[in-house]
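K.L.:
The primary structure of each chain is shown beneath.
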Amino acid sequence: MEKFNRQLLTIVTEAVLERELVAEFDALGVRGYTITDARGRGGRGTRRSDWVQDGNIRVEIVCEPALADRVAALLRDRYYDHYAMILFMQDVDVLRPDKF
Amino acid sequence: MPAMDPVILFFVLGVVAGLARADLRLPGAIYEFVSTVLLLAIGLKGGVELARDTGGMPLTEFAVLVALGLALPLPVFAIARHVGRLSREDAASLAAHYGSVSVGTFAVVIGYLASRGIAYEARAPVWVVLLEVPAILVGILLARGVSGAVAWGRLAHELFLGRSIVLLVGGLAIGWVSGPDGTASIQPFFFGLFKGILALFLLEMGLIAASHLPALRRHGIFIIAFGIAMPLAAAVAGAMAGRLLGLSPGGMTVLATLAASASYIAAPAAIRTAVPEANPALSLTASLAVTFPFNIIVGIPLYERLAAYLHG
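Chains as they are written, first to last, in the working numbering: chain W, 1 to 100; chain D, 1 to 312.
Some clues are possibly wrong.
[To be verified] Chain W side only, calculated, beta carbon under 8 Å to chain D, not exhaustive: (1) 20; (2) 34; (3) 37; (4) 80.
Hints in this document: simulated from the structure, not taken from any laboratory.
Predicted model only: the values in this text are computed from it and were never measured.
Just so you know, even glycine gets a beta-carbon here, dropped at the ideal spot from N, CA and C.
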């Protein structure tokens, strides 16, 4: 089976940022993303998913490596200082390269 | 003193269960549902009462309420800056939270007045709408200055089309258009179950407040003292404004409670994105873990007496 390499960019951050991030993604040309509610513990304490003020979201984007880098750089520059946010990237294989 | 309202005991249960790390967690969707029903019920009730008597809201009342919303954050900011020695951003955030209002506290005070048979102005939900936004704008201005870079367009959209305003105003409009007879079929759900829904809401609020209690130790004595003293002072200001407007003792109690209450939904969300340097835990802990419990357990009965005293 023919497979194509892409990047999976995963971001875990504060739920209150969701709308703002979606606007950033649109501006950068991200074509698709998946957002789920998340909870967990990190440098800014325990974050619950049952209340939006305290809640986290996990955003997943599969795209070309160059675009993943652009998104990651923008998030680092604009959000890392003041918000609970981590992100990481992995290589993934997809079947329909035109989609991502 | 009459026995404590059972809905308050649900709040206490939530706090105790939360502190004891009991296996109790309401799913986020339940909280959303319960708070939606509360907001709609409050709006509908106001709308139905407004349809009954056609007396509109005097323009002076509108002006006094907006002025109150704009003025309340200023002493908060000054106290937080000079007594609490907080950074400009943290002080401004606290000012926005304490100048704005808590719809949960409003729900408790109208439940309190209803169970004691004390009448209040039907348009009270409109006061919530008028008091919610101005203080948040003042708080952001205090942090950013007039020339600061704030995405006002997006912020206005977020504030004026926030959940609480849309549901309150929507409920008011539906209640007003439909009137007492038109809403008869939905009254058992929204009005009959009001106290039960409020009890569930307070159970969840208790759990959330408990999760913020440990943070109190980090923020020190100022936040505790401030979280109790500020609502008392603001309640006096609210009750005096009510007296100035010629409100009933019930209405003065509601306005005093609104002034005393601190936002924990609209203000944190707006401040988090507009003033990211502010520590979100500081204001939210004061508002949720100190002021909300203080108001619903101790404050509201006090404000009722204050209103009766000032009304003479």
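K.L.:
Against the structure shown, which of the earlier numbered hints fail to hold, in ascending order?
P.N.:
As far as the earlier hints go, 2 and 4 are violated by this structure, in ascending order.
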